[in-house]
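Q: If you want the building blocks of each chain, they are given just below.
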Amino acid sequence: MQKIKAAIVKFFGTNCENETKEALETVGFDCCIINSNDKNLDNYDLIVLPGGFSYGDYISCGRIAKFTPVIKSIIENLKKRKLFILGICNGFQILSEAGLVKGALLENIGGRFICDDVELEFMGKKFKLPIANHQGRYYIDDFEKLKDYELIKYAVNPNASSYDIAGLYDKNKHILALMPHPERNMITPFKPQNGRIIFEFIKDTIEKEFYGII
Amino acid sequence: MKYFLFKISTKLKDEIKDPEGELAEKIASRLKIFDDINIKKGKFFEIKVKSESIGKAKEKIIELIENILINPIVETYSIESFEELNAKN
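These protein sequences, in sequence, are chains R and G.
The first sequence lines up with residues 1 to 214 when you count with the numbering used here.
The second sequence lines up with residues 1001 to 1089 when you count with the numbering used here.
By construction, these hints were calculated from the structure, which means they are not laboratory data.
This structure is a prediction, so every number in the text was calculated from the model and none was measured.
Check before you lean on any hint, since a few could be wrong.
Claimed, not checked - Distance ranges between label pairs, derived from CB positions:
1) G:1079 <-> R:147: 54 to 64 Å
2) R:116 <-> G:1040: 22 to 32 Å
3) G:1058 <-> R:112: 34 to 44 Å
4) G:1036 <-> R:38: 29 to 39 Å
5) R:78 <-> G:1020: 42 to 52 Å
6) R:111 <-> G:1036: 41 to 51 Å
7) G:1048 <-> R:58: 18 to 28 Å
8) R:163 <-> G:1027: 44 to 54 Å
9) R:72 <-> G:1076: 22 to 32 Å
10) R:147 <-> G:1032: 44 to 54 Å
11) R:117 <-> G:1085: 12 to 22 Å
12) R:1 <-> G:1039: 26 to 36 Å
13) G:1029 <-> R:30: 54 to 64 Å
Stated by the list, open to error - In silico BS3-like pairs for lysine-lysine, Cα to Cα no more than 30 Å straight-line:
14) G:1060 <-> G:1026
15) R:126 <-> R:102
16) G:1048 <-> G:1026
17) R:39 <-> G:1060
18) G:1043 <-> G:1056
19) G:1043 <-> G:1026
20) R:191 <-> R:145
21) R:208 <-> R:125
22) R:79 <-> R:39
23) G:1060 <-> G:1048
24) G:1011 <-> R:72
25) G:1011 <-> R:79
26) R:145 <-> G:1041
27) G:1058 <-> G:1032
28) R:66 <-> G:1058
29) R:153 <-> G:1041
30) R:66 <-> R:5
31) R:3 <-> R:82
32) R:147 <-> R:191
33) R:66 <-> G:1026
34) G:1060 <-> G:1013
35) G:1050 <-> R:102
36) R:66 <-> G:1017
37) R:72 <-> G:1013
38) R:126 <-> G:1056
39) G:1040 <-> G:1002
40) R:145 <-> G:1050
We treat Cβ as the ideally placed atom computed from N, Cα and C, and that holds for glycine.
Just chain G, same shape as in the assembly (with noise of 0.2 Å):
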């Protein structure tokens, strides 16, 4: 058995409306920051998993994901990154 970490953010789809994210954008432009952005607030998990293989572990992570961590109405997901761990970590 190995060990992966995953790293996977989440957020609300392209075309569905995004408050918290438009407020952001509010703020930025009256400051000065920038005068033209565009922010899409998500959420970001660490997901440390024992499993045989990447493969296995991946489709478990995608199970997991869809389950548990997004609602696929309203939300997609990418993988960022996984990687297998060294025994010492």
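Chain R with its partners taken away, still in its complex shape (with noise of 0.2 Å):
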């Protein structure tokens, strides 16, 4: 099988576009790294809206982005064909700004900005993640809206996030949104190289659910 193709979208204020694209061709991805005005995504099985600052966070974190013609585009391809989305911090807050996960992103308790690794638990594995964030609060009202997701849970809740949730992965629509940052423990040699178990979950899903390779 050829590679999977992989987009990168930088936005105005996008910041780990290139160790993203780094951290995915690691794993085996044909990378690229896109525009936030460019439309035509049909060559991509991923669509990765990586960490920063877009749009300098102005009125609020994410906000400004999701009216950028590539959230346009990933909205109406989700309507009509298989394509799997990631949004990693930043990411994870344009997604929620979005509308395309559920819940939203509010300040930390404490009104910090926490860069720390923390514990995670995915899919019943157990791993550390850096995050790095000042509005990572995660919020839901209602546990009940979540049953269509898979949830990454912090061991120890840095934020005061609802139910742990420092990430969701929608089984249905293949939109996986999280605040730590799994492409910064993937190209350093002294750390594990932990930010493979989510890229690698992210391939093994599109080989298996795209293309029917087992």
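If you follow the hints, you should be able to join the two separate chains into one complex; please do so.
A: Following this line, the structure appears as structure tokens:
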């Protein structure tokens, strides 16, 4: 099988696109960085909204990016074909503002910017990944709304997120959104490459669900 | 066409924890300004628009607030005041 094609979207203020590209290439994706004005996503199976500060976090994190052509195109593509969407940190904020994942992200308790390694649990696996955010407190009013989601949970909740949620995976729409940065744990020789757990999960899911490869 | 000035305030819904408001409450009671105090932080917007009528302007202002200025899942807003501006404004 040919390499899976992934597009990493760079908005004004995005600053994690290069390490995200490198991390995805390490796992075997064929990656390119596209602009937030790009509308044609036909060639890609995976669209990544990376971390950073899109549009300077003006008004609220991710608020302005939701009006860009690429987000409109993602919504249109999701209606007509299988497409995997990954949102990391600011990408998660954009997805929640655009209504592509349930809930909202609020300022951390204590008003602090939190930069730390946190212990996570996802699909029965426990591992550590770094977080770095100011508006990373996940909020949802009703747990029932998350019945179609697989959850990424904090072992120790750092910011009072609802139900210890660090990330969400929509099993039907194939949208994975998480506050931790898996790409930051992929390119340092000093830490275990735990980011691989997230990226390999995405690769396996695309191969299985989109191409029927088991 | 006329010009109108809207003054809008937004804040988190009451049931949502507001860390900056709580921090200000703690400091207020530490400084003995108030013992019993409840602070909610919000934002304030002044919006000047050109429209045919106040009714049409208000309709568009609500669309603008709900799409751009707030996230309706977690925030609420209030139109504090609106007025028609005279020519020299």
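Q: For each hint, tell me whether it holds in the structure or not.
A: Going down the list of hints, with the structure as the test:
| no. | hint | verdict |
| --- | --- | --- |
| 1 | G:1079 <-> R:147: 54 to 64 Å | 37 Å, violated |
| 2 | R:116 <-> G:1040: 22 to 32 Å | 28 Å, holds |
| 3 | G:1058 <-> R:112: 34 to 44 Å | 39 Å, holds |
| 4 | G:1036 <-> R:38: 29 to 39 Å | 55 Å, violated |
| 5 | R:78 <-> G:1020: 42 to 52 Å | 35 Å, violated |
| 6 | R:111 <-> G:1036: 41 to 51 Å | 22 Å, violated |
| 7 | G:1048 <-> R:58: 18 to 28 Å | 19 Å, holds |
| 8 | R:163 <-> G:1027: 44 to 54 Å | 31 Å, violated |
| 9 | R:72 <-> G:1076: 22 to 32 Å | 27 Å, holds |
| 10 | R:147 <-> G:1032: 44 to 54 Å | 49 Å, holds |
| 11 | R:117 <-> G:1085: 12 to 22 Å | 54 Å, violated |
| 12 | R:1 <-> G:1039: 26 to 36 Å | 58 Å, violated |
| 13 | G:1029 <-> R:30: 54 to 64 Å | 58 Å, holds |
| 14 | G:1060 <-> G:1026 | 39 Å, violated |
| 15 | R:126 <-> R:102 | 24 Å, holds |
| 16 | G:1048 <-> G:1026 | 37 Å, violated |
| 17 | R:39 <-> G:1060 | 28 Å, holds |
| 18 | G:1043 <-> G:1056 | 24 Å, holds |
| 19 | G:1043 <-> G:1026 | 21 Å, holds |
| 20 | R:191 <-> R:145 | 36 Å, violated |
| 21 | R:208 <-> R:125 | 20 Å, holds |
| 22 | R:79 <-> R:39 | 15 Å, holds |
| 23 | G:1060 <-> G:1048 | 12 Å, holds |
| 24 | G:1011 <-> R:72 | 28 Å, holds |
| 25 | G:1011 <-> R:79 | 34 Å, violated |
| 26 | R:145 <-> G:1041 | 28 Å, holds |
| 27 | G:1058 <-> G:1032 | 42 Å, violated |
| 28 | R:66 <-> G:1058 | 24 Å, holds |
| 29 | R:153 <-> G:1041 | 29 Å, holds |
| 30 | R:66 <-> R:5 | 23 Å, holds |
| 31 | R:3 <-> R:82 | 17 Å, holds |
| 32 | R:147 <-> R:191 | 34 Å, violated |
| 33 | R:66 <-> G:1026 | 36 Å, violated |
| 34 | G:1060 <-> G:1013 | 23 Å, holds |
| 35 | G:1050 <-> R:102 | 36 Å, violated |
| 36 | R:66 <-> G:1017 | 25 Å, holds |
| 37 | R:72 <-> G:1013 | 28 Å, holds |
| 38 | R:126 <-> G:1056 | 55 Å, violated |
| 39 | G:1040 <-> G:1002 | 35 Å, violated |
| 40 | R:145 <-> G:1050 | 41 Å, violated |
Consistency note: the structure conflicts with the earlier hints numbered 1, 4, 5, 6, 8, 11, 12, 14, 16, 20, 25, 27, 32, 33, 35, 38, 39, 40.
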